[in-house]
Amino acid sequence: MDFSFYLIIIPKLLSGLPMTLQLTAISVSLGFILALTLALLLQTKQRLVTLPIRTFVAIFRGTPLLLQIFLIYYGLGQFRKDLQFVGLWGFFREPYWCAILALSLNTAAYGSEILRGAIKSVPKGLVEAARASGLSYYLTMRLVVLPIALRQAIPSYGNEIILMVKGTSLASVVTLMEVTGIAHGLISETYRAIEVFVCAGAIYLTINFLIIRGLAALEHRLSPPYLRKRT
Amino acid sequence: MKKTFNLIATLLALSVYQGAHAASNSITIATEGAYPPWNFTTSDGQLAGFEVDLAKVLCKKMAMDCTIIAQDWSGMIPALKAGKFDVIMAGMFITDKRLEVMSFSQPYAIDPSSFAVEKDSELAKSTDSEKVSLNDTEKAQAAIEKLRPLLKGKTVGVQASTTLYEFLKKYFGDDIKIRTYKTTEQRDLDLEAGRVDAIYGQRTVLAATLKNDGFQDFMIAGPGFYGGIFGRGVGAGVRKDDDKLREKLNSAIQSAIADGTIKQLSEKWMGVDITPGS
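Protein sequences, first through last, are from chains A and B.
If you read the first sequence in the numbering used here, its first letter stands for residue 1, the second for the next number, and so on.
If you read the second sequence in the numbering used here, its first letter stands for residue 232, the second for the next number, and so on.
Just chain A, same shape as in the assembly (with noise of 0.2 Å):
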């Protein structure tokens, strides 16, 4: 074991920490905002609503993600003339933005659904008993509904979560310096790949690690008593 090498390493595979999480965080954060909104709209039963937003989800959920992010930033790249004409060029000839846009579509898709089975999974009852106490259907959602099915999705978003910080690695190849980026960097400088990628795997895992507990966390504080697991 040469643990020098790993003093080398480290330092400049975390110097690419911030875009990941910047990444992270940005999209799952606009991803949140869609995918509830869009579950919430699914709740209607008006089909000019909940068709396109199927549509939406099923296109996003049944592609692989790679091919999102190419197709955002090459595929788009070559409508700049158009793109230039309504405005939009100074957002899609960033790499950045591409990249924050296809991931934020992509986990608002999969959010949306867990989210929909979330609120679908409260008890009737509940809403029943809320309406007959006279609450108007927006406050329903507001009180009971969704606090209810929030906590209830979080195990399940907290899955989307960490996959979507894998996501992110695929960031490098439309030229962004994430971790992934850089440990392929590293791997020409040095052709070492084993331990260039068990340092960006154990970056990954460290992050991972700290949003499970963080969402554990969060998931405990939520719940009342008789629902918390004893530790």
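Hints were generated in silico from the structure; no laboratory data involved.
Note that this is a predicted model, so its numbers are computed, not measured.
Using N, Cα and C, we set each Cβ at its ideal position, and we do this for glycine too.
One should not assume that every hint holds.
A few chain B residues facing chain A, derived, Cβ under 8 Å [unchecked claim]: (1) G306; (2) L330; (3) V332; (4) A391; (5) S392; (6) R410; (7) T411; (8) Y412; (9) K413; (10) L420; (11) A424; (12) K494.
Chain A is already provided as a structure; the job is to place chain B on it using the hints.
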């Protein structure tokens, strides 16, 4: 359960089998398959290009059975070291840094590197296009200082994990923003889209790019750099301990240079002669 064991055993056997050429008369040659006109994949999935043709010629001269496979550029040297194949022929420069971990045949081509830019950009108007050896420190320094103000603040695209990237980083790292791409194709797409102001590459490769639709308004600009950090030209990479194979490749390349095969193949694929010493 037994089935699972069998499956695992088969997989293990397969993974051990790779690279077990040693005594036999067959070798596996890896190329990128995405670096036209040196090596690329045709629309029907076949490998083609200068190096693919050359590899076949060399194998004939060495009287060996060759399998030519495509391999991602960035993982090529680790894969060679791991014995996944025996030879790299992928437009790879023989550099001091690579010689620390692997071995090379003698060069089979010399190809200087330049920028490609839009025809009406500053860089296109005001530089000459002569060949400059980086070994000639004074002349090289002058050429680089002349380029520096023209490149200041520009974004330049280059393939990742290449000596071309190292060149940009070493000589222009403080002046330009470098974007790295997995393949030259992606680099070209971003030049066309206007996301980068210039791209940097081997001249023959840039020339092939500019022949494509959509690149009419672009041209090759600046001096053609070679030598120095670019090493001794393009050679066939082998493992460090594979002296026998290296010797064989050397004499085959020598013979291909002498009988004009390399000249003929390079003119066929690149329109110029890139034989070493030409």
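For each hint, the structure was consulted:
1. G306: Constraint on B/G306 satisfied, holds at 7 Å.
2. L330: Since chain A brings no Cβ nearer than about 12 Å to B/L330, farther than 8 Å, the hint is violated.
3. V332: Given a least distance of 5 Å, the restraint on B/V332 holds.
4. A391: Holds. Min distance 7 Å.
5. S392: 3 Å, holds
6. R410: 4 Å, holds
7. T411: Status holds, d = 6 Å.
8. Y412: With a minimum Cβ separation of about 6 Å from chain A (threshold 8 Å), the hint on B/Y412 holds.
9. K413: 6 Å, holds
10. L420: Status holds, d = 5 Å.
11. A424: Given a least distance of 3 Å, the restraint on B/A424 holds.
12. K494: 32 Å, violated
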